[in-house]
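A.B. asks: Produce the entire structure from the sequences given, and follow the hints as far as they go.
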Amino acid sequence: PEHLRERPVDERADIWSFGVVLHEMITGVTPFEARTRNEVVALILRRQPAKLRFLDDVPPEFQQLVAKALRKNRSQRYQTVSEMAAELKRLRLELLGETSAEPSPMADQNAAVPRRSLTKTSLESATRHKRKPQTYASSDIWKSALTYISYTAEQLLSEIKGHPKATVFAGVAVVFAILIGWRVIPPGRIPVAMPFQAIKMRPLTNAGQSVCAVISPDGKLFAHVEKKDGMQELLTTNVANSGPSVVVPAGDYAYRGITFSRDGNYLYVTRSVGNSDVGALYQVSLPGGSPRKLLDNVDSPISFSPTGGRFAFVRWNRAIGEYYLMIANVDGTEERPIATRRDGKTFSIYGCGWSPDEKSIVCGAGWWDHLIHMNLVEVEVENGNEKPVGGEQWYFVLQVAWLQDKSALIVSAKDQPLSPYQLWRVSYPQGKAERITTDVTEYQSVSLTQDANTIVSIQSRFVGTISTGPGDDVQNFREIKSSVGRVYGLDWTSQGRIFFSSMVGNNMNISAINPDGSDQATLNVSAKDDYSPASSPDGRLVVFSSNRTGSLNIWRMNASDGGDLKQLTFGDGNAHPTCSADGQWVLYENQSGPTMSIWKVSIDGGDPVKIIDHNAWMPVVSPDNQFVACRYDVEAGQQGIAILPFQGGPPVKLLRIPIRERQRIQWSADSRSLSYVDSKNGVYNIWNYEIASDSRKQLTHFKSDQIFAYAWSPDHKQLACDRGAELRDLMIINTEK
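If you're matching positions, the sequence shown starts at 35 in the numbering used here and goes up one per residue.
Any given hint could turn out to be false.
To be verified - Simulated pairs of lysine to aspartate or glutamate, EDC-like, Cα-Cα distance not exceeding 20 Å:
#1 K106 with E36
#2 K751 with D550
#3 K600 with D550
What the hints assert, rightly or not - Label-pair ranges, simulated between beta-carbon atoms:
#4 S594 with T114: 51 to 57 Å
#5 I233 with S636: 36 to 42 Å
#6 G639 with S727: 36 to 42 Å
FYI, nobody ran anything at the bench for these hints, they're computed from the structure. C-beta: ideal position from N, C-alpha, C; glycine also.
C.D. replies: Below is the structure:
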C-alpha cells in the first residue's frame, strides 16, 4: 500500500507481499480480487482483504499471522522478517505440541518436507483422514507446512545478513522459496466448485441511471427501471439483444423492486408515487400493459412461492416502528402476517426469499447492539417460528435469493458500516458466508436464474467533488477537492475552515480545508469511523458522530488540531450532531429506538435531555436559539420538516415540502427561512423556504448532478457543495464452470 501511495518502502512492504501469497496459497484466491488493475489498486488502498474464516481447519493463530502481515498501516505489521519468522517458528512448535527443545530445522526438513513438495506419504495420510467437505488443509499438513516455512525463513535470514541491499528483498525470497517448495492444495484434493466460486461479469447498461432490475427464470429477459428526465420508466431487454422495450412509460414513481411471475408472463412491481413513502404492488402483463394494483402498503419487492400461487413481502408501519413479514395469494387476497418485529428490531425491506421446498422464508433481520447488526433469519410459513441461518452477522442485509437445490443463498450485504455492499454465497443450513464480488463498488440487489448460473445485480458507485462559490452564481464555483465521492457531512466554521468527512484508507475520517483548497489536513485519524462534523459557534470545537468505542455516540474535538477528544454521549445510535447558537448544547438524533428521536446534551457532557420522539431526525438550531428544524414524518408515509421549540414540545409548524433523503436543513442568518435540497429532472438544487409567507425560491441553478452535502459560510454569501453522481448500472454475473 505504501508503494502505491508513492512513499518510501522497506522490508515491511515485502512482509505485506508475503502475506498476500500466503493468503492465496491457503484459500485458492487472492485477498484483493477484481476485474481490472485499477480496481485491484483501489482494493489494496481502501479495503481489508477477505477473511480466512470459511476454512475451518486453518489454525486461528495462522489466520491472525496472515492478517497482521496484511495490515495497511505498516506500523501495525511485523516490523522485520526476523519477527515474522520467529512467530512462524512459535506456531510450528505449538502445533507439534513442543514446549522446550526444538528438533533440528534440517532434520525437520528432511523428515517432513523435501525441497520440492510435502512428502507423498504425508499427503496420502492426510487425504485418508476423514475430512469435512470443502476444506483445504488438515492439521498434519499444517504441522509439516509450518515446519518448512519457518525453516526456510530462518535459512534465508542467515544467508542475507551479510548483504546490505538484501533486506528489502528478504520477503520476496521467502515467498519464492515457499512457492517452489510447498502447495496447500495437493492434486486430487480440490473441492467441488460451488456456484459463483469463479465468475465473469459484464455490464448490461452503461448510462448510470438504473434503479432496480430482475432477470427472468429462464435467463433470457431482464426487466429494469431507468431514470429518465427525473422520472422512472419500466423496461425489458433481451439478454442476447441489447435493445430495450418500454413496458410502463416514465412517470413520477419511485420503484422499490420488480419480480417475474414463475411463468415469466407478468411483472410484479412495488412502487410509490411522488414524495410518498407508502408503496403498493402492481401487476403488469408482458410485453406491456397498464399496471393493475393488487395491494397497498407493500414496502419491499415480493418473492413468489415455488408454485407461484402465493408471495411474501415486508410491511413497515413507520408510525409505531413495527415490521411484518407477510404472505398473500397471487391476486393479493388473504394477506396475513407470519412474523412481527418491534422494539428496534427490523426486517429488511429490500427483499426476502421463499424457500424451494415452500416451507420457509428467509429475510434479513436487524437489531441494535453497539451499531446496527443484521443476520439472516428463516421463518416457517405455517407457524411463524424463527431461527437464524448460521451465526454470520452483517452490518446490513439488502436482498436474498435461494439456489434451487437449497444448498445456499445469494445475498447482497455489507459486513462493516462503511464497506460497500457485496454479493455473498451463504451455505444452507450452516450459514457460512463467502464473498462472490470483491470490488470497491457496490452490488445492491440479487436476482437469480432458475439454473443458478446467472445473477443480475445493480452496481453502484459515487463520484463527487467539493467546490465553493457565491450562492447565487454557480458559474463562478471553483473545485477545491476532487475524487471525494460522497462525503458524510460538511460544515463551514466561523474561523473560515471547511470540515468534511470522507474515506481515508478503510475508514471515514474528518478533514479540514480552506475555501480556496489550501491547507488540507485530516484530524484525529481513527481505526473506526468519524463523520457528520459540526462546529461550535465560536469555531473552537467540532462535534461529530463516531463508533470508535464500538457504539455510535457523539464526540467533540478541537477544530485546530483534532486534539482534546471528549465523548459526550454514552448510549448507542446517536448521530448527526449540531450545536446550539449559544454554544452550550449539542443536539443529535437517536436511532436505536423503535422510532428516531431528538435529544440534547451539554457540550461539556452530562445527562441527555429528550426534545421529541415522534420519528424526528437530523436537527439544526436557529441562529436566535429559539427553534429547532428537523426532518419529520408529517403524516404516515410522508416526510417533511418540523419546527420545534428549542426547549422541547410538539412542533409549532409542519412543512409539507419535498426534501431529498439524508439531506440536512439549514437556517438563514436571520432565522426567518430554511434552505433545503430538492430535485427536478434528476438535477439537485438548493431552495429557500420563507416561514412567515410560506413561499419558496430556488437559490442555486446547477444544470447537472446531485448535491450530496452543502454548507453556507458564516455570512451566508458563499456556499460549499459536495456535488456529483451516483452511477448505477446493471451487471450480469455468470458462474464459470
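A.B. asks: Run every hint past the structure and note whether it holds.
C.D. replies: Checked hints:
1. K106 with E36: Judged against 20 Å, a Cα distance of about 8 Å means the pair holds.
2. K751 with D550: holds, 15 Å
3. K600 with D550: Violated, at about 30 Å.
4. S594 with T114: 51 to 57 Å: With Cβ atoms ~37 Å apart, the hint is violated.
5. I233 with S636: 36 to 42 Å: violated, 53 Å
6. G639 with S727: 36 to 42 Å: holds, 41 Å
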